[in-house]
Amino acid sequence: MWAIRGFSIALAVIIVLAFGTVFYSAYVDYRGISNDASNPAFHSVVRTMDGNSETVAVNLTVPNQGLYALQVSVACPEPDVAAGVSCQHASVTVPAGQTRTLEFRITVANLARFESSLSQQINGSVSIEIMPFASVSLNYDLGSLVEATTQA
Amino acid sequence: MMEPRPPLRKRVTRAITVLVAGIFMWVLIPDYIGVLVSGKIQSSAILNPEFVFVVGAVIIGLQVAEALTEGARPSIPIQSAVSLLIAYYLWAATNGGSLSFSSNGTQVGLWFEPLVLLVMLPSLWTAVRTPLSFLVMRKTTATRQTSSKLPTQLPSQLRSPGGV
Chain S
1 MWAIRGFSIA LAVIIVLAFG TVFYSAYVDY RGISNDASNP AFHSVVRTMD GNSETVAVNL
61 TVPNQGLYAL QVSVACPEPD VAAGVSCQHA SVTVPAGQTR TLEFRITVAN LARFESSLSQ
121 QINGSVSIEI MPFASVSLNY DLGSLVEATT QA
Chain E
153 MMEPRPPLRK RVTRAITVLV AGIFMWVLIP DYIGVLVSGK IQSSAILNPE FVFVVGAVII
213 GLQVAEALTE GARPSIPIQS AVSLLIAYYL WAATNGGSLS FSSNGTQVGL WFEPLVLLVM
273 LPSLWTAVRT PLSFLVMRKT TATRQTSSKL PTQLPSQLRS PGGV
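Line order of the protein sequences matches chains S and E. Take the first sequence: its letter number 76 is residue 76 in my numbering, and every next letter is one higher. Take the second sequence: its letter number 132 is residue 284 in my numbering, and every next letter is one higher.
Bear in mind the hints are in silico, worked out from the structure with no lab data behind them.
What follows is a set of in silico ranges between Cβ atoms, one per label pair, in the way DEER data are often shown:
| hint | chain 1 | residue 1 | chain 2 | residue 2 | range |
| --- | --- | --- | --- | --- | --- |
| 1 | E | Val189 | S | Phe7 | 29 to 37 Å |
| 2 | E | Val206 | S | Met131 | 35 to 43 Å |
| 3 | S | Ala3 | E | Gly223 | 21 to 29 Å |
| 4 | E | Lys162 | S | Gly97 | 53 to 61 Å |
Listed next, the stretches of chain S that the computed footprint assigns to chain E, with coverage defined by at least 3 CB atoms under 8 Å from CB atoms of chain E:
| hint | segment |
| --- | --- |
| 5 | 3 to 11 |
| 6 | 16 to 27 |
| 7 | 133 to 146 |
Here are a few chain E residues that sit away from chain S, every Cβ distance over 12 Å (derived from the structure):
| hint | residue |
| --- | --- |
| 8 | Val216 |
| 9 | Ser232 |
| 10 | Tyr240 |
| 11 | Trp243 |
Where is the CB? At the ideal position from N, CA and C, for every residue including glycine.
Could you build all of it, start to finish, from the sequences and the hints given here?
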């Protein structure tokens with residue numbers, strides 16, 4: 001009988017601890033990343049033009065002030081092959097309390113073709129995982145990074 | 153665990169309380185959340201009113217039956233069934249910890265399967281603990297009764313012709 005009660009208490013403690021630490025980590029990580037996202041010192045975009053092609057290198061500083069490791073990855077699930085768009089899948093695992101840099105590259109081999117396309121979109125996917133409990137993935141257009149160069 | 157059976161009046165009062173609380177907890181609140189998030193979140197069972205009403209009604213029915221049979225043997229399988237059903241409800245409502253929604257044109261996907269399993273654990277443990285506690289308690293009671301009978305039986309066995 002004591003074993004059953006002991007297991008119930010242990011289970012309750014584990015659940016409370018797991019939820020408390022995960023939510024605390026999520027809050028601290030969100031605050032850290034959103035602060036850095038608004039600070040230009042923590043991200044840079046370097047564009048290299050070479051004739052009709054362009055390479056955009058994005059450097060992101062990812063801080064992890066939480067209690068669990070954080071995995072951040074960026075990818076383009078469906079690049080525009082006709083315009084020669086290719087993305088280098090980038091992923092970084094940031095241990096708790098540390099900071100890492102993530103470098104992500106987008107290459108547009110045929111700028112003229114990309115500009116003439118109707119959407120001028122590059123569907124990007126950013127995934128942030130609090131290992132091993134939860135992850136959030138965002139899909140959005142990375143085409144604006146290329147567009148800014150062609151318009152400038 | 154089998155506790156002493158409370159009087160009928162107390163059980164009926166508890167059943168009514170469980171019924172009212174259950175209607176809010178398993179039907180009205182999930183249905184309201186379902187209405188709020190419909191069109192935003194895809195693939196969650198609470199978006200389906202039929203699921204909310206049918207599973208909610210079964211959970212409430214079982215909880216009421218459990219309250220009425222409290223202290224009697226039928227309450228054990230009923231409590232286990234309620235716990236399993238609640239675990240299933242949580243799993244289905246969160247789509248197994250995988251939800252996606254759209255916000256300002258951005259597709260957002262959430263994955264939190266380990267957290268859902270953690271939320272389900274108390275219910276699953278209750279489903280196992282209830283019959284386990286009953287069996288352990290019954291065995292303990294039987295052992296106590298046997299050991300308390302032993303000293304009175306022993307002298308008669310000693311006096312038997314097959315004894316000393």
